[in-house]
Amino acid sequence: MQRYSFFSLARNALSQHEGWQRAWRSPPLKPEYDLVIVGAGGHGLSTAYHLAKEHGITNVAVIEKGWLGGGNTARNTHTIRSNYLRDVSIRFHDVSVKLYEQLSRELNYNILFSQRSMIDLIQSWSKLRDLRRRSLAMALHGPDYQLISVPDVQKRIPAMGDLSGVRLPPLAGMLHPAGAMARHDAVAWSYARAADSRGVEIHQHTEVTGFTFGTNGAVTGVETNRGTVRARKVALATAGNTSHVIAKAGLNLPLVTRNLQAFVSEPVKPIIDVIVNCPDVGLYVMQSDKGELVIGGGTDPIPSYRQGCHFSTFEDVVASLVELFPRFKSLKMLRQWGGAIEFAYDASPIISKTTIEGLHVSTGWYGGFKSIPVGGLTYAHLLATGDPHPLAEAFGLDRFTGLRFLLEAGTVAQR
Amino acid sequence: MTTSRLLSGGRIDRSRPLRFSFDGMKLGGFAGDTLASALLANDAMIVGRSFKLHRPRGLFGAGSDDPSSMVERLGPRPAANQLATTLPLEDGAVYRSVSTWPNARHDVGAVAQLFSRLLPAGFYYKTFMWPTWHLFEPFIRGAAGLGRVPGHDAWEPVSESRFGDCDLLVIGAGPAGLGAALAAGRGGARVILVDDGTSPGGRLISDGGDPDDWVGTSIAELKSLPNVHMLIASTAWGYHEHNLITVLERNPVDAPDLDFRNWKIRARQVVVAAGAFERPIPFADNDRPGIMLASAVRTWLGRFGVRPGKQAVVFTNNDSACSTALALAATGAAVTVVDVRHETSNQVREALDQAGVTLLNGSMVCKAYGSKRVEAVDVIDADGKTIRLPCDLVALSGGWNPAFHLASQTRETRSVWHDDLATFVASHGDTRFRLAGAARAEFEPMACVRDGVRAATEALQALGMTTPSISIPELHEPFIARTVQPLWFVPPRKKGEKVFVDLSGDVTTADLGLALREGFDSIELVKRYTTAGMGVDQGKSGNVNVIGIVGTLTGTATQSVGTTTFRPPFVPVEFGSIAGARHKARLYPWRHTPLTDWHIQQGAVMYEVGLRWQRPGFYPKPGENGQTAASREASAVRNSVGVYDGTPLGKFQLKGPDVPALLDLLYISDFSKLAPRRGKYGVMMSDDGLIMDDGVVFRLNDTQWLLHSSTGAADRVHLHIEQILQIHRPHWRVSIIPVTSQWANATLCGPRARDVLAAMEPDFDISREALPFMGMAEGMIGDIPVRVFKVSWTGEASFELNTPARYATALWDKVMATGARFGITPVGSEANHILRVEAGYLSTGHEVDGTSDAYDLGFGPLVSKTKLDFMGKRSMDLRRKADPERFELVGYLPVEPSRMVPEGAPITPGGNKADQAGFVSACVMSVALGRSIALGLLHKGRSRMGETVHARVRDEIIPMTVVAPVFHDADRSRVKS
Amino acid sequence: MLILTCPWCGERPEGEFMNLGEAVPPRADDPSAMTDAEWSASINERRNIRGRHTERWWHMRGCGTIFAVVRDTITHDLFEAADEPRP
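Residue numbers (our numbering), protein chains in the order written: chain A, 1 to 415; chain B, 1 to 977; chain C, 1 to 87.
Here chain A stands alone, though its shape is the one from the complex:
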């Protein structure tokens, strides 16, 4: 792997940057691999990297129907956090944050990881109760999540307007210092480059059209638009599209796909230094390093793969935004988009074997950007050893057959 550093940048500047090598190869597709990962997004690539790094499994193809990192990795709003209620969820996401903290240097690729803290703005007593419970549970496991006063909130978010008389006036805030953001595309690219350098092959524009099975019913490979690829194990990492991919293998999962929209403003000088999340009204806003305000809200209220803008949801988010930030009324929206996110019946992730031998899924991420490092780490462990990683034991599909849901309180409304 060609080393990236200021010195290599300076050295290459002398040759007009013509000496840079490919960040990943474009090898021919072989008929057989030890393992095929379907989906070259953050999770698929992170899984490939960890398979190679921790388990020495490198005869791996990551196949992708579109372009690398072009699914939800390209469509999310790059927030990283670990504020959960359940012990397993806290531990899992805490590890993810810690892996993210080291990622730029581990992968020698600046993912612009910016740990600028997140503030959950509390605008109802029930949310105060929910989040206080969450904060005390988190204190058992490490990650910090502290109640702060409204004046403290205002000090940290000076762009917020005068709060007197606003609808749903803030009662307090929850400060999550680990809250961070990163350049989403760069996360996919950094894993792709690192996995490739360890021997993993990435094949873009290779779409799975079906699966092949042995006489014992076990999966033996995938059929693609570029031919059949044999593999002893197949691992899906197809966020948003898992249901219809796995339907080709005849399986049905407890998943629903919905649209999650986001939008950015035109770039402006630094105005918000933290990630602001307002769960009571369904709004979050942060500012990218480029200066764009990155804004989003809750999922659209209908099953959808449209990746567009459900206008009433959008209006709600914007109305809530300018209620708290009246100064933003004259700012302009530059671009909006949607991503197809899927979530399980209990809104917790699934990293699991399936009832088909050799076929595995990592899904139900409900916005899985924050989980990419730990998702890859634990999925790779399952694929390599056949056993769930200790951090992800609770995320098996078997929980659904006994209806033993892993519910985050507060996700009730999603059921």
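Among the hints, a few may not be true.
Cut-off 16 Å, straight-line C-alpha distance, at most; resulting in silico cross-link-like pairs (EDC-like, lysine to aspartate or glutamate) [stated by the list, open to error]:
#	chain 1	residue 1	chain 2	residue 2
1	B	584	A	280
2	B	881	C	45
3	B	26	B	43
4	B	126	A	18
Bear in mind the hints are in silico, worked out from the structure with no lab data behind them.
Go by the hints and put chains B and C onto chain A.
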């Protein structure tokens, strides 16, 4: 005034001069100018600096496709990012260039150019890792961004949101749009015509057409038609499913107080006649001020009477720029046309010849000179010789890109490369929208009108309507973009020369080459790695060139390179316009009981509870805080009598022969034998075996039942029941009517409650025998009709006095007047909370957090022993079979009696930092016991009575004794009194 | 935002309705006759179709009818009213 403003021409009002300032320069313009045209008229060529390298930048386009003319408006109405080309000039306005210091002409940030070699595409991915990105981030953030968001004096535009609907929405009032609107309008269809300019007519006007010609008469006719509504200064920016189109109208003429109106137009059919954007031909240092699109030059000349240069080079690969050359020549400018094509049509050649314009065929501009303004260009002629042409203006035309962005937003169409037209066109129309005119690569004006008529006719035909035949006007424009010879860029002669392909992001062809070299080989990856197309114009000026260049560099056919997605909005839209009038109470309307005013008059602190109901939290007296007020109120209930407004409680009236069956399916216990005029407490689960809600059902008489839900669960419960009745058991005969707000409620509670009720002199029997616990009575209190339910959520005898909502204040006044001598105390939610915790009653959102089943919360005794089925039973049994050890409801007594435990505190083994074994759901200072008490869930809690457990609150460990989850009236004797 | 056709009220804007998700078959008359696996699948598994699927809507702020429609989850186009799915 300077020489750039022509003495005549343009659609500006020379009788109305305007003063303004830009970067500290005091300048003048005229009404009808944009900021851009006024700057150009003043020879203020540098309007800003580039995003990354701070190179001087001038005006490039004349409309929303301009990539570099963002300014701040310091006043009036201070606002951050305003595009000079679409900003009407205002008298007295003060503007400033963005990201410059001290100003755009002299900018310290230009030092970045010295390091430009270190700043190729994606340079930041390769460095700034050591020691940590956080060290560098503040500098990068500070350097990035455009305008500064003004402080508290920021302009807050006033906006509204409005629905519109029509048979045909025509987007764009150029020749095609006018043709479509005329045809449909004359045909009687309800038409809305939107145009983003203040003067409709499209290129016919921006090129300086006569306002009294066909455009003028057409608009006059459209305005006279009652079935046609015309929106000017209005941009269609979003195309959503089911033909919902969002249109931003600026400064609506009918509403002087409004800055913006966001239309949500539901159109049965749509014609997109949004025109086309000219594309440039990039070459080395093509970003120098004075280098601009040929069509923009025509707009400056024709629309604004501004001549942006006296010595012009027109660089083109098609015929359309000939018009620009002729228009410039007509003002006396010296013009040279550099045509990539070896052959130019006779018609063009002759026209240029007559105007004295020099034509160089088979030639290319390969480099510009000058720093703050273009001073010369190098041209490689047909023989390969380099000629240096001095100039102060370069006009570019690389062909035209149809503006079918809106059509792409529908997802029904994709863009396809059309070799003959040398442009991307939309693959096809949909049954609900059609493209017309230049948006469909039809550039000749008469053909555009004809195409608009065609599109409207087809659209109306689809609706079963007809259009009259329209006579096509004589509109001659000999020089249109036919015979385009694609030229995506002119390669630099020397390495290191910068050929800008996206001016708003400072993206060069070398950046594209680097991305490809590094393996970012799909167009989306190239865009994301280099940020091409991600700037303020969202690729309007450069995207197609990026595709062409990637094709050239990779040896791929343009069609195979692919295209990137056009995302909304078509032009940037103000957030304020989308929020409209939604503000404060209009953001999310409250629900009030008829007694809200009374509560507020009594000084109640109002809380918002479930489903946006406003309720009193507590009624503080002087010197009281929330806790002391709540304690006083709760004590009053325990010792004498209190009253609360229970109106928001969800209420559903059920009727029909199958109600007993419904109730038996809904609730865990047996309801079918409920006798008339009796009530019963019930717990309902969703079919996944988790508790959903609880409440009391009264059987009002033989045929009617009244079902109560929690306040916040009312909608959920309603839906749950409707699903049973309409989907699962459609043969059942049950009607359900939600009556929550039909009934108001004053709930008397406390040992003296029955005395107060008696003193109100009801005309019905309220004795213990006639009105026992879970009994009911109906009649009159004075002239107020009342229905009384004897239930309790307080641990005291409680009488729910229900009355039709219009009697609410009369009843409440009567209660307060009669209760005065009993010392009746109004009680808010906080006191209710204390009372219900003491009595061990459950609350949604506290103990009922959506993860528990009936047994978990101690409702095992209520579960029917005889019913084979009820909602949630199968799931609950299945889950418990596999995992019987669950969190169960218990009471906690903190070992230290004055110790309050925060709600939500986890219980862990020994109070260690370990996995949660339970939690505290509620903790109050009991007025009955004079100590703190708590409820919560605990792993296998019911088998652990008397055990000491530990709550862990950060670094503190709080020991508590596990007790039964009831602290008051355990035998329910008070409740039943 | 969609325009939905309520069987009683005709074409109405989406804001009057609540989406109830994919139309699953009505609840069994006797859940105990189903195997554990069948039952749990009926609770939480969804086909989650990318393309035309049948879903239910509740005319919550209208006549209260629950009805099924076929909708394309990619384009959001609506098709002819659907028959209620049967177990």
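Practice task
Verify the proposed pairing of residue 881 of chain B with residue 45 of chain C, using a straight-line Cα cut of 16 Å.
Solution key: violated, 21 Å
Handout entry: Agreement of residue 26 of chain B and residue 43 of chain B with the hint, judged by alpha carbon distance not exceeding 16 Å
Key = The given pair, whose Cα atoms are some 13 Å apart, holds under the 16 Å limit.
Handout entry: Distance restraint between residue 126 of chain B and residue 18 of chain A, which requires alpha-carbon spacing of 16 Å or less
Key = holds, 15 Å
Handout entry: Pair hint residue 584 of chain B and residue 280 of chain A, alpha-carbon separation not exceeding 16 Å
Key = holds, 15 Å
This entry does not satisfy hint 2, going by the numbered hints stated previously; all others are met.
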